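Two chains, two frames, a set of hints: combine them into the complex.
These protein sequence lines are chains A and B, in that order. The numbering used here numbers the first residue of the first sequence as 1 and each following residue consecutively. The numbering used here numbers the first residue of the second sequence as 1 and each following residue consecutively.
Keep in mind the hints are simulated off the structure, nothing from the lab. Just to be clear, a hint being listed does not mean it is correct.
[Claimed, not checked] Facing chain B, from chain A, some residues (calculated, C-beta under 7 Å):
1. A114
2. L115
3. F141
4. A142
5. H143
6. N258
7. V315
[To be verified] Not close to chain B: a few residues of chain A, all C-beta gaps over 10 Å, as computed:
8. G12
9. K27
10. T35
11. D47
12. T51
13. D58
14. K59
15. E87
16. S127
17. V163
18. E239
Note that this is a predicted model, so its numbers are computed, not measured. Note that CB positions come from ideal geometry on N, CA and C, so glycine has one too.
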Amino acid sequence: MSVLVYTENWDGKFKKLSYELVSYGSKVAEMLGTTTTAVTIGNVNDDELNTLGKYGADKVLCLQSENLKNLDSQLYTNAIAKVAQDEGSKVIVISNNNSGKSIAPRLSVKLKAALGSGVSQLPLSTSPFTVYKRTFSGAAFAHVVLKTDVKIITLTQNSFDIVENSKQVKVERVDFQTDAPKTVVKDVQKQTGKLLLTDAEIVVSGGRGMKSPDNWGPLEELAELLGGATACSRPVSDEGWRPHEEHTGQTGKIIAPNLYIAVGISGATQHIAGVSGSKYIVAINNDKTAPIFEVAQYGIVGDAQKVLPQLVEAVKEIKGK
Amino acid sequence: MKILVCISHVPDTTTKVKFVDGDTKLDTNGIQWVINPWDELSLTRALELKDNASTGVSSVTVAHVGPATTEPTIRKALAIGADNAIRVNADPADAYFVAAQLAEVVKQEQFDIIMCGIESSDYNGSAVGSMLAEFLDIPSVSAVSGLNIENNEAIITREIDGGKETVTVPTPFVAIVQKGIAKEPRIAAMRGIMMARSKPIKVIEPVAIDPLTEYVKFELPKPRAACKFVDPENPKELITLLQNETKLI
Ligand SMILES: Cc1cc2nc3c(=O)[nH]c(=O)nc-3n(C[C@H](O)[C@H](O)[C@H](O)COP(=O)(O)OP(=O)(O)OC[C@H]3O[C@@H](n4cnc5c(N)ncnc54)[C@H](O)[C@@H]3O)c2cc1C
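Only chain B is shown next, with the shape it has when bound in the complex (with noise of 0.2 Å):
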């Protein structure tokens, strides 16, 4: 079996987000980039199976939609494990331009299971990996917080409202994972990230692809009221205000 699993390139979220061009645009700079954090258990869950020789999985690869200046976040990707890394060289215009190109990916080399976050901490979408399968005419199984191989057998814990679900879907198929996948991402070692300097990542040029959104413009939240505080020698005081002014009890 071979998987592949699909990575975002995000701004490590402790980053101050600003904006630029009468705030039409992220302001990139100063921002320390890291891998999507649900992409990092995705491939941190794909290693565990192919660590593991009766899954049969032999081989895991990544791939991204981004320009150059998005290797290294890539690189780290190797360095965690991955075999093999495919870059398609376009700027992700939306979730629909990146579910396309990722499926030109696919159809060029053929993979068992296909694995995204199930949003990426920029843009909040939770769109390329549904959209990706609908481009493939390929099941997938959204909010995925298990996935094993049994007799060859995909078997996915998924989320449902109250609890969860254990189903099956015929390969090659799109699972598209939250909290849960693995417990905490692999951390790269020395090793891995020697060897991923090595490792060659392919380039891929995109097709013609027209994004179907455009982000005209970005807001920062409205500031809150500031704290009103209570004194902690009378904490009943703090629901009789939440009484009076919040309605709410």
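Isolated chain A (complex conformation) (with noise of 0.2 Å):
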């Protein structure tokens, strides 16, 4: 039977984001009775591949071959459907991000295997296989049935605690014989070094009452010193003050940190959209009617460029800085 985790490597390193979804794997197996298996594609280390046996996994499935060093939606499914045969998987989980969105939706056609996506909590029963899941962007969540025999999830980033459940893994390398990919890399530009806004345990976001680009210094800072990301509003990205990446929101992007500072920021329903995950939402507004309150736990009315460098200092005091 078993549960097969897709879990992505960066460059052969597992993240936060990998352990997370074998914990999850691993606790989805115990409800079924049944081990659980992780399958990474790439060259990954031995040291690396052991570590997911810490989260749960009882065996682990390194996929090598020239052909998969990029994503290639159709390759990466065949490569996963023919594991989970293999395997003999009932469940399938992987990652609700860009490249688990690739793929997932493929396998679920090839498998015949019915689909929750953004799930963000274990099954609610598993007869009838019942998951929960967002949906109305935020404003409403619908327990679904998932009907075939294989199921598909897809887990929502940073909505599942990492457990520590270690185990005596297996394992196995697989030299997969593959056709060459259709998606052909042109080129790649990354930024390196900085800690990617779907990653951040921690957000510092700022809206149109920032006021102008030239006032992010001490927001930064902030975000830096609680080891935080940066975020901001749409018009913010719009306006060009910060770059696109860093819009959350509807159609920019949909995090769940434990922690989301917003600063500024009005909290108008497609804001609120991208960022209703996080589990603490902190509001400065100098407007104590705005509806980013409504959603906040803590808030202060007031002007940020007042508060924002007395946070600052607050926060070098406690850590000794």
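Have a look at this one:
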């Protein structure tokens, strides 16, 4: 039987997201009384593969092929489908990130397996197999029954806590035979060294109330001191004050950090749609009637220009800097 | 080159959603329906490509799976500038069902580029585009933030973690688009609205497909604890609260 978890790696390294998926997959396996197999594609060393055992993988498969160097939705789907069939997997867990979204739906058609996407909790029941997922851009949640024998779940990033559940893990490398890819990568532009917004547990975000792109200094400093990432509302990225990668909301990135600090952001529904998965929301806004205060647990009614530098000082104090 | 843009018909995002029949169905009373935001941007980009003669794009068609009541949304796409429209006359049961119906549309008429939005703002499935590609056994590229046609070849920009990639795939393919594909959605001009009235919407009957999932119940998010306000003259208090109560700092 088994639960199969597709654990993406980044240049041979796993990150929190991968451990989260394996933790989730092994909990689902527990619910079904079965084992967990993790599969990854590319060159990953043994030590790194072994770390997946710490979060509950019984077996780790590492597929290697020159043809699978870059993401090609068809080849990746075929590869994971083959592993799922060989392993007799009943549930396949994949991240609801960009690569997950390009693979999971194809896999659903290929295996005629029901897909529950953007899931944020363990299944509500295994018979009927019912998942809990975000709908209406976060304005509601749904109970969805996956009616087929094999099921696919895509898990929302940061929605499941990592649980250590050490297993004796068996690692296998597979030389995987495939066709040539149809997706040809001509150019890669990567920002290195920067904490990704989707990975961050603390996010400090600015809106139009920041008034000018020149005022972002203290906001960036606060994010850095807290070990977080920076984000912004849509008008801010549309105006070119901040890069597009930072735009959160319905049409931007959907994130679920532990702490979201919204500075000078009104809290329009479209913005909240992208951040409502945050565990805690803090709002700083000079208008006490701003809708952001309806979703925030902590708030300051005040001028961002005055409040931010004081917050920076306070964090420096407690961090002893 | 012929482009197909798949459009979804969704409640305007400012709609306060409510459910009926024991929280099993969306209450459609008073809902303002719109073209799904990403689909509107896809359509805009498709029309920009058609406007540029060097791309060789000859037509832009829109396709939608939905009952006759969704036709105003399709008319809007025609008013914005789509040349043709196809409606598969069925209730969109789930993403698998919709993708299977769209695959039939593509099999009947050849298209070179098929564009879908990355998700629809109602069921947030992020599934139809990739499923459609698998039904047709053609390539798909996800998280597409740029699409150009040069020398008869599609040049695609896709978002990856912490960056971007430029990729090519042979036609026909499905582009699953996100933010960045076009700046602002095109607005229908009076002339477009008048012309849209006379453009036909081709109606196709669905093929028999069983959905794989069933939405059995909806819930509204649990209310968050009321906001605790901190004195703006003493913002440091906020950091102390976060430290003590959330343990995140
Ligand atoms: C289809 C569609 C999709 C959309 N998608 C998104 C999306 O993905 N993300 C998104 O963010 N928006 C999105 N929007 C736009 C959204 O509706 C709002 O317009 C936007 O979120 C507002 O951004 P803002 O809060 O930064 O600016 P504003 O609405 O201008 O609010 C600025 C806030 O700052 C406060 N302020 C002003 N000065 C100060 C000061 N000195 N100190 C403290 N506070 C101050 C004001 O009181 C106000 O509340 C979308 C809209 C549509 C129609």
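Right, here's what the structure says about each hint:
no., hint, result
1, A114, "4 Å, holds"
2, L115, "6 Å, holds"
3, F141, "5 Å, holds"
4, A142, "5 Å, holds"
5, H143, "4 Å, holds"
6, N258, "5 Å, holds"
7, V315, "6 Å, holds"
8, G12, "14 Å, holds"
9, K27, "21 Å, holds"
10, T35, "25 Å, holds"
11, D47, "22 Å, holds"
12, T51, "19 Å, holds"
13, D58, "27 Å, holds"
14, K59, "26 Å, holds"
15, E87, "21 Å, holds"
16, S127, "14 Å, holds"
17, V163, "18 Å, holds"
18, E239, "12 Å, holds"
Of the hints listed earlier, there is not a single one the structure fails to meet.
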